[in-house]
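Each chain is listed here by its residues.
There are 2 protein chains.
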Amino acid sequence: MHVTSERRHDDGVREREFTLGEIPGTLWTPGPAPAPLVLMAHNNGLPKADPRLAARARYTAARGYAVATIDADGCGDRPRTAADEQARADLRRAVQAGEPADELLESVVGPLVEKAAPEWRTTLDALLELPGIDGPVGYSGGWAALGIRLAVTEPRLAAAGFHAGGYVPRAQREEARQVTVPLLFLLQWDDEANPRQRALDLFGAFGSKEKTLHANPGGHTGTPWFELEDGCRFLDRHLK
Amino acid sequence: MHVTSERRHDDGVREREFTLGEIPGTLWTPGPAPAPLVLMAHNNGLPKADPRLAARARYTAARGYAVATIDADGCGDRPRTAADEQARADLRRAVQAGEPADELLESVVGPLVEKAAPEWRTTLDALLELPGIDGPVGYSGGWAALGIRLAVTEPRLAAAGFHAGGYVPRAQREEARQVTVPLLFLLQWDDEANPRQRALDLFGAFGSKEKTLHANPGGHTGTPWFELEDGCRFLDRHLK
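Line order of the protein sequences matches chains A and B. Heads up: the first sequence is residues 10 to 249, going by the numbering used here. Heads up: the second sequence is residues 10 to 249, going by the numbering used here.
Read the hints as simulated data drawn from the structure, not as lab findings. Each hint should be verified, as a subset may be incorrect.
A pair holds if it fits inside one copy or across any two, identical chains being indistinguishable in the list.
Claimed, not checked - Using 25 Å as the maximum straight-line C-alpha spacing, the simulated SDA-like pairs for lysine to any residue come out as follows:
#1 Lys218 with Glu201
#2 Lys218 with Leu237
#3 Lys249 with Glu236
#4 Lys218 with Gly30
#5 Lys249 with Trp234
#6 Lys249 with Leu237
#7 Lys218 with Leu100
#8 Lys249 with Leu29
#9 Lys249 with Arg72
#10 Lys218 with Arg205
#11 Lys218 with Leu139
Next comes chain A alone, as it looks inside the complex:
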């Protein structure tokens, strides 16, 4: 792991940009005391530098967590192939035209999850070597599909918060019943692009004994601020 830049914020949070081989990442840490680690993923191709992700990460770090995120292959700071560009352009066109996009989403998001999950696990290995970063590990992310994959494959994951908005490939919908860690599942009731019933079915499918759905009115990006606090309290219950 190679730290490429570092800064300190007013709230005492230290922010480090790093690379791990080809993977670019960001790590936010609170003061010097050991802190549990939270992996925070943004949905699909959204870059790790997205201000909403950065704001959530800093809030969570200020609450006593080490928070890390990475860019997925072909996303954010990473090079894109012509095929990546084409697939995304096709997808955008279909969504804008109001055409059914499930098959296109499956072909874009499915491989993205498959590729991303091992990179997140590699990152986890490297982060847990750093001083001041401690287990157990939580996941908190817009990207439910990646969270499901990690919850099923990564035994160090002790709790996970997912946002229901975002396409969950068939493989992860199947895997949902194998998820057993405590879950907090956030749903925006009027999310135009993500069918509500599919999200409710997914909540029903999770195998976890402790799973809580929080639903609020409004569209995809309208999650109320208090859910960020609730999310930290959920992590507190399971990681502290």
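Since the structure of chain A is provided, determine the placement of chain B on it from the hints.
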């Protein structure tokens, strides 16, 4: 209002039994500082002395609220008519036999809500006269139908937490869209006696701009303990 008995608990909460005309009630208050008032209703005919209600009330009082509950007409400590007994016996028989109980529930719960709401408002008037009890007023109850009625008719109500389990009469399902106070709506995902879809439809119908659904797995009485804490934090946001 006539106080009939009083005791103090280890946690500093003062518990007073009172009568207000024919209405028997219980009031739990924290220390001497003025506290916002929370009306806490148990579903339908369940008595105010039910240990689950008493435990929730004491927890909430210890968190800095004055909490009050009363027995509905024909319930708990109040006399029942032969007709009350008969209606309840018919209902129990239908539910145990797995027969459709909606019409019976409508005929029992509908009038119960109509009768209870003005009694709760009378109680509210009397409680707000007491020293150390302050507005704004919250509602926190298993009894969603009564909560809806109060939220629509009682302008002093500033926030309400409902439990989705329990029959909501047609009149209150209609009134749900007129509810505009911030809401926290608790759903037990596997509540055998209360259809999930009906609860989700009710959540969708509420007119409140701020409304949050918390759903957890398990049957009617399986609400996890952390929802009690979440409920108090919801009240804190709106009443303190």
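Hints, verified against the model:
For the homomeric pair lysine 218 and glutamate 201, the shortest alpha-carbon distance between copies (18 Å) is at most 25 Å, but the shortest distance inside one copy (30 Å) is not. Taking identical chains as interchangeable, the C-alpha atoms of lysine 218 and leucine 237 lie at most 25 Å apart whether they share a chain (23 Å) or sit on different chains (18 Å). For the identical chains of this complex, lysine 249 and glutamate 236 are neighbours both inside a copy (19 Å) and across copies (19 Å), given an alpha-carbon limit of 25 Å. In this assembly of identical chains, lysine 218 and glycine 30 lie within 25 Å of each other by CA distance neither inside one copy nor across copies; the values are 38 Å within and 47 Å between.
Taking CA atoms no more than 25 Å apart as the test, lysine 249 paired with tryptophan 234 passes in both settings, with 22 Å inside one copy and 18 Å between copies. For the identical chains of this complex, lysine 249 and leucine 237 are neighbours both inside a copy (17 Å) and across copies (20 Å), given an alpha-carbon limit of 25 Å. Taking the shortest Cα distances, lysine 218 and leucine 100 never come within 25 Å of each other, neither inside one copy (36 Å) nor across copies (33 Å). Taking the shortest Cα distances, lysine 249 and leucine 29 never come within 25 Å of each other, neither inside one copy (28 Å) nor across copies (47 Å).
Taking identical chains as interchangeable, the C-alpha atoms of lysine 249 and arginine 72 lie at most 25 Å apart whether they share a chain (11 Å) or sit on different chains (23 Å). With identical chains, the CA atoms of lysine 218 and arginine 205 are at most 25 Å apart both within one copy (22 Å) and between copies (18 Å). When the C-alpha separation of lysine 218 and leucine 139 is checked against a cutoff of 25 Å, the pair qualifies neither within a copy, at 32 Å, nor between copies, at 44 Å.
Checked against the numbered hints listed earlier, the structure breaks hints 4, 7, 8, 11; every other hint is satisfied.
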